[in-house]
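Participant: These are the residues of each chain, in order.
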Amino acid sequence: MSNVLALIEVSHRGEIAASARGLLAAAATLGSPVAVVVSPAPLSDDDVARLGELGAARIYLAVTAAAGTVLVSPAVDALSGAVDAYGPAAVLAANSVDGREAAARLAVRVGGSVLADVVQVRSDNGTVVAQHSVFGGAYTVESVVKGGLPILTIRQGAIEGQAPAATANLQTVSLEARTEGAAVIDQFNDDAAVSVRPELRTAATVVSGGRGLGSSGNFVLVEQLADTLGAAIGASRAAVDAGYIAQTAQVGQTGVSVSPQLYIALGISGAIQHRAGMQTAKTIVAINKDEDAPIFEVADFGIVGDIFTVVPKLIEAVKARSN
Amino acid sequence: MKIVVLVKQVPDTAEERKLDLATGQLDREAADSVVDEINERALEAALRIKDANKGTEVVAMTMGPDDATQSLRKALSMGADSGVHIVDDSLDGADTGRTAATLAAALRSTGFDVVMAGNESTDGRAGVVPAMVAEHLQLPLLGSLISAEIADEGVRGVRQGEGGTLNVRAGLPAIITVTERFPEARFPNFKGILTAKRKPVTTLSVAELGIPTGASRTVVVSTVERPPRAAGRKLIDDGTAAEELAEFLVANRLV
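Taken in order, these protein sequences are the chains called G and E.
Under my numbering, the first residue of the first sequence is numbered 1, with each subsequent residue one higher.
Under my numbering, the first residue of the second sequence is numbered 1, with each subsequent residue one higher.
No lab work stands behind these hints: they were computed from the structure.
Note that CB positions come from ideal geometry on N, CA and C, so glycine has one too.
Any given hint could turn out to be false.
To be verified - Label pairs and their in silico Cβ distance ranges:
1. A204/G <-> A151/E: 41 to 49 Å
2. R28/E <-> A246/G: 49 to 57 Å
3. E57/E <-> T309/G: 52 to 60 Å
4. D45/G <-> G111/E: 30 to 38 Å
To be verified - If you want the ones that stay clear, here's a sample from chain G, every Cβ over 12 Å from chain E, calculated:
5. L175
6. T205
7. K282
Only chain E is shown next, with the shape it has when bound in the complex (with noise of 0.2 Å):
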């Protein structure tokens, strides 16, 4: 079975991110550049699946600039096989639209049984592109899962709904999404380091995809900066405390 396993680069949510306030675009140099966790998720579903199963293959493909050749590195020392990273400048600010069109001509360049992803980017947080290229593709989405069963025959899995979970199924190939219900990704060994750097990374350019040059149809035309929050009273309690707390809602009419 081979599996890709869609993988993005994003600011480290643990440090303050900032946008470009002229472009609205992410700037790229206020904090780190990290795999997102929940992609880190995906791929240990699918690391687990190539332990249970040596003949599985796992691809990592990502979209990104020239610097996310670190987060194909770091799929590949987790145990990914191999690596696909689509680099192109006309990809700068990609939105969903035109990332989800790229994405799919990638798949459909590399092939798959299954592909795995997250059900949303830290980030941009639109949750989108996973069924974006599912229509794309043609193809049937399990998103937003809980918890999977991947087999030659197909995948099953618990979906985390509004009200409730459901079950749902599929035959392959498909996609499916995961949320962070699935378990944490394993830490890199020093083995998997090694390895990890005389396995292969092909490179896509946006030609080489044939898929049409062009700008994203989505414009952001304002960004504004929400101006920081001060800190107000802090009390050390000495007893009082919880009466002054009482006090001050009351006076601002919060309860």
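With the rest of the complex left out, here is chain G (with noise of 0.2 Å):
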């Protein structure tokens, strides 16, 4: 079976990112899964562990000074190392700031061809095909890569399920320290609170709220809605904007892109570029006031309305009925 490289992203704080699953997870249905690990020091029997119960069945791990202080680039050199040493059928990474720029770099370095922003891959006789959701989900379109090393960038949250657990056996190499051509890292800011909620992009129920919540005070409601529900936090651009929430709660055309099983917007009138991050949302939820939003074109259920009546109400229904 060929080897597919999947490159995994390590913190700076020695954590293994949440995306290795769905990385090794796509990896294990194109072949046998390749781990690719960049790290300042080797890696504990714990994380060989972690990378092969989650599919790993090897580890190609670059110990490099650079890692956490180059940006990007002992990444590509370590993937350029293991596609001569694995001679892969395909490379993947995520599609995180890093990874899609270290693709980028491995692709014009090697000879490849990226396949961006994947949500599903399969094998067809050999040939890596990586289904796209383009335009919000508008279109689902395939392509493959002729002649040349297919390098895809998963999207995060994407790919469900796991690899079938494996014993990942470890090769180490050492990298030489380069920073011609790179950019240096001085700091890192890690973010301040570490939430509780589910990350918006893989979450089952996402509540989202926009202008018409009126004031970042008032957006405790989509708050208390989305504990209540278990759900992730979401936002208009128009409420990011505001200042109610951080860009990171941002979904639609630019920011995150949401599929989940429930969808619940308040106070949002539902812009084509909101709907374009939601609307491949199994149930989608509105409440507003103005009963000509746009938003009420897609939602399976509307209700017209002032949301702060309705959702304290809800709220309550809610509660009433789980206990």
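From these two lone chains plus the hints, build me the complex, please.
Facilitator: This is the structure we're talking about:
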């Protein structure tokens, strides 16, 4: 079976990124997964075991002083070494800020081609076929690479399931720390709050707030409903621009794309740019006082009403039924 | 300092965008073409450097069909000094790899200290072209910045990472990409619109750039349109709508 490389991101604190599961699951559907890891120090036994549990048959560990101090290029050097060592059928990276830059540079360096923002993969008689969800899910497009190595960036949260567990065979190489032609990292500034709520991209339920909330103080209404439902919190761009909530919560054309089981839009008009980030949700609920708001055109259940009246009642009604 | 801003003409996200189901390529008739907003933010950042330092030269560069000159004119009317338009029938439907190779060749011939671009376009959303260009030119890339300080000694910026931000820096020449956290672009004023007509736009073909012709290596094999969503129930709240919604959620096992 042909090897498939998966670039596993490790945070500067040494944590394996959540994207590892989906990358190794996708790699396993195409061949034998090889986890490519860049680290300033050898991996712990726990990390090796964890990558095996997630399906890595092999781990190609590049140890370099440049990890965590030079931006992205150590990952490109490691991937390039792993391509030489394993002759893979495909290379997968997360569609993250680091992952896609590494994929892009690798494509130029080894003569491969990038298939970007992939939501599903399959092998068709040995040809790697990538599926993309285009224009906010309005189209499903399949693409392949003709001649050259396919390098895929995988949308985070899009691949479900987990690869069969394996016992990972560890190969460690040491990588020269090069800084020429690369940017240097001076400092990491971690996000302060570690939320107990589910992650927006992978949550089963998302509650989003829009300009209709009226103020950042009123945004607590969104939080209350989200916590009642065990949901992640999203927002429209209007709410982000108004400063009600951080930009990382933005759902839409230029924010995060979500496909939850249930999406509840509170005080969101539903401009086409917002719908592009949520219209593939299984069930959409909208509450808005404007009867003509475009969000109702895509809502399975819409309520024309005042969110400040309806939402507290909804919270009570849901709580009453779950007791 | 010479700054080249990469500009992409894209379908307006405020309209319904369509793909040609036979080719998988963009249906250019379906929606109006505009300068991608993220590129306008990159241009704004470049123009602010020019505002503060009159010796700065700002060049807007685009690759696209004949009508992409509209996007260059918009950039010139906002304040860019000149434009470069890479236009060639053989680039029709170019993939990210071919686009990046072409832009890299054009950047080499144009010359620059800094290249500025958006972190990802609103149509393709691949976010890989600037990094590919950086690899072709063997240059540092400071990607997905939320702020940047650009000086003759080099560029420093704050990058939006996955679980936080990073302070990053590089010497010049360098490539940077901006995110939506950068300020909104200025509107062209009347004087800008008038002077834009007299500013130079250089046209470059694939032959002039000396890059090999040839098809893109990524190929779309199928394009399927998702059936449009139908609207479901819509209630006017009479005081009982919240109860009905709770019933709906329970009946559909959503809570």
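Participant: Take the hints in turn and mark each one as holding or not.
Facilitator: Verification of the hints:
For the pair A204/G and A151/E, the beta carbons lie near 48 Å from each other, so the given range of 41 to 49 Å is met. Between R28/E and A246/G the beta carbon distance is about 36 Å. The supplied range of 49 to 57 Å is therefore violated. For the pair E57/E and T309/G, the supplied restraint of 52 to 60 Å holds, since their beta-carbon distance comes to about 58 Å. Separation of D45/G from G111/E is about 52 Å and departs from the stated range, judged on CB atoms against 30 to 38 Å.
Its beta-carbon lying about 17 Å from the closest one in chain E, L175/G satisfies the requirement of being farther than 12 Å from that chain. With a closest Cβ-Cβ approach of about 7 Å to chain E, T205/G is found to fall inside the 12 Å limit, against its non-interface label. Remark: the non-interface label on K282/G conflicts with the geometry, its nearest Cβ contact in chain E lying 9 Å away (cut-off 12 Å).
Violated hints, listed in ascending order, are 2, 4, 6 and 7; each of the other numbered hints is respected by the structure.
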